[in-house]
Amino acid sequence: MNRIYMDHAATTPVRPEVLEAMLPYFNTEFGNPSSVYSWGRSARKALDSARDLVAELLGASASEIVFTAGGSEGANMAVKGVAWADQGRGKHIITSAIEHHAVLDTVLWLEKQGFEVTVLPVDEFGSVSPAQVREALRPDTILVSIMHANNEVGTIQPISEIGAIVREHGAKFHTDAVQTAGVLELDVQALNVDLLSISAHKFYGPKGVGALYVRKGVRLHPLVHGGAQEKGRRAGTENTAGIVGMAKALELAQAERVDENARLTKMRDRLIQGLQKIPHTRVNGSLEQRLPNNVNVCFEFIEGESMLLNLDLRGIAASSGSACTSGSLDPSHVLLAMGLSHEIAHGSLRLTLGRDNTEADVDVVLQEVPGIVERLRAMSPLYQG
Amino acid sequence: MNRIYMDHAATTPVRPEVLEAMLPYFNTEFGNPSSVYSWGRSARKALDSARDLVAELLGASASEIVFTAGGSEGANMAVKGVAWADQGRGKHIITSAIEHHAVLDTVLWLEKQGFEVTVLPVDEFGSVSPAQVREALRPDTILVSIMHANNEVGTIQPISEIGAIVREHGAKFHTDAVQTAGVLELDVQALNVDLLSISAHKFYGPKGVGALYVRKGVRLHPLVHGGAQEKGRRAGTENTAGIVGMAKALELAQAERVDENARLTKMRDRLIQGLQKIPHTRVNGSLEQRLPNNVNVCFEFIEGESMLLNLDLRGIAASSGSACTSGSLDPSHVLLAMGLSHEIAHGSLRLTLGRDNTEADVDVVLQEVPGIVERLRAMSPLYQG
Amino acid sequence: MYSDKVMDHFTNPRNVGEIPDADGVGEVGNARCGDIMKLWIKVENNVITDIKFKTFGCGAAIATSSMITELAIGKTVEEAEQITNSQVAEALEGLPPVKMHCSNLAAEALEAAIEDYRKRTANTAS
Amino acid sequence: MYSDKVMDHFTNPRNVGEIPDADGVGEVGNARCGDIMKLWIKVENNVITDIKFKTFGCGAAIATSSMITELAIGKTVEEAEQITNSQVAEALEGLPPVKMHCSNLAAEALEAAIEDYRKRTANTAS
Ligand SMILES: Cc1ncc(COP(=O)(O)O)c(C=O)c1O
Ligand SMILES: Cc1ncc(COP(=O)(O)O)c(C=O)c1O
Chain A
1 MNRIYMDHAA TTPVRPEVLE AMLPYFNTEF GNPSSVYSWG RSARKALDSA RDLVAELLGA
61 SASEIVFTAG GSEGANMAVK GVAWADQGRG KHIITSAIEH HAVLDTVLWL EKQGFEVTVL
121 PVDEFGSVSP AQVREALRPD TILVSIMHAN NEVGTIQPIS EIGAIVREHG AKFHTDAVQT
181 AGVLELDVQA LNVDLLSISA HKFYGPKGVG ALYVRKGVRL HPLVHGGAQE KGRRAGTENT
241 AGIVGMAKAL ELAQAERVDE NARLTKMRDR LIQGLQKIPH TRVNGSLEQR LPNNVNVCFE
301 FIEGESMLLN LDLRGIAASS GSACTSGSLD PSHVLLAMGL SHEIAHGSLR LTLGRDNTEA
361 DVDVVLQEVP GIVERLRAMS PLYQG
Chain B
1 MNRIYMDHAA TTPVRPEVLE AMLPYFNTEF GNPSSVYSWG RSARKALDSA RDLVAELLGA
61 SASEIVFTAG GSEGANMAVK GVAWADQGRG KHIITSAIEH HAVLDTVLWL EKQGFEVTVL
121 PVDEFGSVSP AQVREALRPD TILVSIMHAN NEVGTIQPIS EIGAIVREHG AKFHTDAVQT
181 AGVLELDVQA LNVDLLSISA HKFYGPKGVG ALYVRKGVRL HPLVHGGAQE KGRRAGTENT
241 AGIVGMAKAL ELAQAERVDE NARLTKMRDR LIQGLQKIPH TRVNGSLEQR LPNNVNVCFE
301 FIEGESMLLN LDLRGIAASS GSACTSGSLD PSHVLLAMGL SHEIAHGSLR LTLGRDNTEA
361 DVDVVLQEVP GIVERLRAMS PLYQG
Chain C
1 MYSDKVMDHF TNPRNVGEIP DADGVGEVGN ARCGDIMKLW IKVENNVITD IKFKTFGCGA
61 AIATSSMITE LAIGKTVEEA EQITNSQVAE ALEGLPPVKM HCSNLAAEAL EAAIEDYRKR
121 TANTAS
Chain D
1 MYSDKVMDHF TNPRNVGEIP DADGVGEVGN ARCGDIMKLW IKVENNVITD IKFKTFGCGA
61 AIATSSMITE LAIGKTVEEA EQITNSQVAE ALEGLPPVKM HCSNLAAEAL EAAIEDYRKR
121 TANTAS
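Chains as they are written, first to last, in the numbering used here: chain A, 1 to 385; chain B, 1 to 385; chain C, 1 to 126; chain D, 1 to 126.
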């Protein structure tokens, strides 16, 4: 059976070029970058080049890049780091209802520790409104965290506009760009952000490595205290191989993104159009402000996991809600925030395209899904035929 | 020039067997372990096996193992995690003056956030005394963190004894076992610890991955909030390749450690004896309770970095103080805590042996060091001949 | 994640459907939790002679529904009532911990159907 | 980490040693910070004709000591006084940021030696 992977928003395979770039740093150039001797110095050089490259790709300068262990750490570091550093100025934080749990749970934890939190609602397409951000800002607001594009429904947020509003007010602005790195143009100047987090495994780099952009002058308490690595902003012996891999992966993705996005958008739209032909189907998210690889639909009367299992039996890897929360009993907080009922939110299917997908894969999916939906509906006590 | 690496306490190369075990998880078995489809399930299986293996090697059960991004994160997670979870019971924390900065800086940060901290002194050999721990315990003590063996001078602490005292009192006990994993027997039951942190790159595993043992029933606030990974104790898509590599590396190290330690101890003792012949030389740390691979000496009247550079020019990689703090202007806090003067502490040399070292390497080092010391002393205004 | 037995019942669920002239019908769960089970039973001489289900839910919910119909058919009402959720889980060669609640649900659906049957017979008897 | 020039001056430091009958001696730094520099100068007709140093310190400390002796020799006392730490760092083709203070130290040591020389000549003059 030909296996089709359509869950690139969950994770991506490491590209061969990336793995090749990483290999020397496992056991040849393995030195600790903090050491003075030659092994250490060559590791340091690799780190420096990777930092320069990532900085350049984000429109930042090298000293503004902090390497992390992934998107969750980056978001935690940004949100907690600013909250702790600026709590003398105020204790109010603004975020949105459709953030990834890495931001949402962090903010809710801070709320329990004495911060005040405003969670902004979204419209039916999953968009945060800049006007609502403006209204929510208070004199004691120190931080706003709004994601660049949503991982479930693919809606792209008006980050640049929100950033300008937040800057005018004087609070710090973080965006979780985990889903957009390597896909959209990421220019921290144009985006008007103070902090931006990315995760390598979402753009064909290795798992367990990421980066946080921290604008010069933005104060941050470290999440991980200890050694002087990353200018004291994040302790721990640097994952040289992973960092080198991330830089390479981001470079490749940014170089190819325009052509690749065109290819993905075509497949995405064909999938959306094809799936919409199934009765009682709803497309989730914005059709205009949408990631080029994201398809998210709800088939009424059926539940997501049973659909995924059926797809898996046919060799198709997809997701329902986000992979991180699967295993939980709650339906997607994103779909609920967009106003869907629990019943419908439970029946979501997310297909996220990537480098390895072809139009033939789209054909297979469009061929398989209607039968699965029909079969599950026939089994559903909610479906009246 | 034949290069000799004698800085295994800073980091180690990834063993070929370990790299081989990791490779499939970069681009074949690359799925997100949280996903339901087959790619995700095989990643999940690999994670589960790695967790079982690490648990078994530590005498723990699988649910007590949390995967981290390294030793610093593990220490931060243990110390902050318990502090936040137990602050309702008390706000007093005990640690020692010779801890790695990952513990020390974390505790000092918590102090600024309103916790009370006792930093225990050590004796001239760098040992923490169980009696002093007992005296320092107060009704509001919630956590004690004492490292298993020191990374600079190699002194092994009486963890089991300290653990029994802390347990009797009812506080939680964390040990930073980053330097002992793969070297000493690590049995969390025998050690009487509640939390124990390790880091893969110190035992021939990859950088950027580690594990934290958390005894069943010990409550912990997460350091990284977000997804449900690691049973909600540490969010972030799992670094499957790294975790698989760590488990393999620990397994190999534990299997070989008795023979390897005998080999290393012989080389270590020959180095210590040989270097002691240089006049005005002091051996740091305990000669009895010492890691089998650690040599640490101070040559009076000269400074460490200039010695390291000279050694590097002769192809020998060594360290002075710890790699993490090199670049800083302060001498080792460990040597100062052991009562050395600033002047002498600046002149320390650490040689840490490993798998790739041979007796021939020891010969080269013993041949090169005396000349370097002599040359630098001739240049030193402190040396009177 | 799921045992072969679960996957077997998931891919080939036994006794799917409705019984229009059922003697008892039970429905448990709600869309909020993501699982709804509906069970129809036919009872003759106190023995469950036919049983059908419809389920909205995850793989485990479908498999436990299917399994409980197999366990219940041919049993007396009293015997069927004794079927516990752990028996359902066991018969499926185990369920992942997060899915154990689904076996609960199946047992409850059967109970509800039997209760409905009892109520109906009590009504006709009186 | 270090430029080739730094490594050159570190491995082959110029003018190491003492001048027993020096006209001025300067010592700066302390063991606490890990750097101590001592500089001896010989002055003839207001020109620095000989200069020697001894340094306890890191690679940068040794290289900056060596470099400042090269920069100072042959210069008049007034010219030598004008040597700034950034000139020392520049002459070494740069220093890592954490090591910039070492070039400070070298300039200060030369200043101290010149001051000592001035004091001595003032004493003999009076
Ligand atoms: C004793 C000790 N604890 C903690 C650490 C930190 O480990 P990592 O660099 O993997 O974060 C180290 C090594 O740097 C160490 O030697
Ligand atoms: C939008 C978003 N933010 C954060 C994360 C967390 O990234 P990681 O799993 O690398 O920690 C993810 C992916 O899981 C994501 O999609």
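None of these hints come from the bench; they were simulated from the model.
Worth double-checking, as some hints may not be accurate.
Stated by the list, open to error - Straight-line alpha carbon distances no greater than 25 Å define the calculated SDA-like cross-link-like pairs of lysine to any residue that follow:
{"#": "1", "chain 1": "A", "residue 1": "K45", "chain 2": "D", "residue 2": "D8"}
{"#": "2", "chain 1": "A", "residue 1": "K112", "chain 2": "B", "residue 2": "D86"}
{"#": "3", "chain 1": "A", "residue 1": "K45", "chain 2": "D", "residue 2": "D4"}
{"#": "4", "chain 1": "A", "residue 1": "K231", "chain 2": "D", "residue 2": "D8"}
{"#": "5", "chain 1": "D", "residue 1": "K52", "chain 2": "B", "residue 2": "A378"}
{"#": "6", "chain 1": "A", "residue 1": "K231", "chain 2": "D", "residue 2": "M1"}
{"#": "7", "chain 1": "A", "residue 1": "K91", "chain 2": "B", "residue 2": "G114"}
{"#": "8", "chain 1": "A", "residue 1": "K45", "chain 2": "D", "residue 2": "T11"}
{"#": "9", "chain 1": "D", "residue 1": "K5", "chain 2": "D", "residue 2": "D116"}
{"#": "10", "chain 1": "A", "residue 1": "K45", "chain 2": "B", "residue 2": "R3"}
{"#": "11", "chain 1": "D", "residue 1": "K52", "chain 2": "D", "residue 2": "D8"}
Do the hints match the structure? See the list:
Taken as a hint, the A/K45 and D/D8 pair is honoured in the structure, with Cα atoms around 21 Å apart against an allowance of 25 Å. Under the criterion of a C-alpha separation no larger than 25 Å, the hint pairing A/K112 with B/D86 is consistent with the structure, at around 14 Å. A hinted pair counts as satisfied when its Cα atoms are at most 25 Å apart, and A/K45 with D/D4 qualifies at roughly 16 Å. Proposed proximity of A/K231 and D/D8 is contradicted: the alpha carbons are some 28 Å apart, above 25 Å.
Distance restraint check for D/K52 and B/A378: the Cα-Cα separation of roughly 13 Å lies within the 25 Å cut-off, and the hinted pair is therefore satisfied. In summary, the hint linking A/K231 to D/M1 is supported, as the alpha carbons are separated by about 16 Å, within the 25 Å threshold. Proximity of A/K91 to B/G114 is assessed by CA-CA distance (about 17 Å); at most 25 Å being required, the pair is judged to hold. The hinted pair formed by A/K45 and D/T11 meets the criterion: a straight-line CA distance of about 22 Å does not exceed 25 Å.
The hinted pair formed by D/K5 and D/D116 fails the criterion: a straight-line CA distance of about 30 Å is larger than 25 Å. A C-alpha spacing of about 19 Å is found between A/K45 and B/R3, which places the hinted pair at or below 25 Å, so the restraint holds. Between D/K52 and D/D8, the direct Cα distance comes to roughly 17 Å. Compliance with the 25 Å bound is thereby established for this hinted pair.
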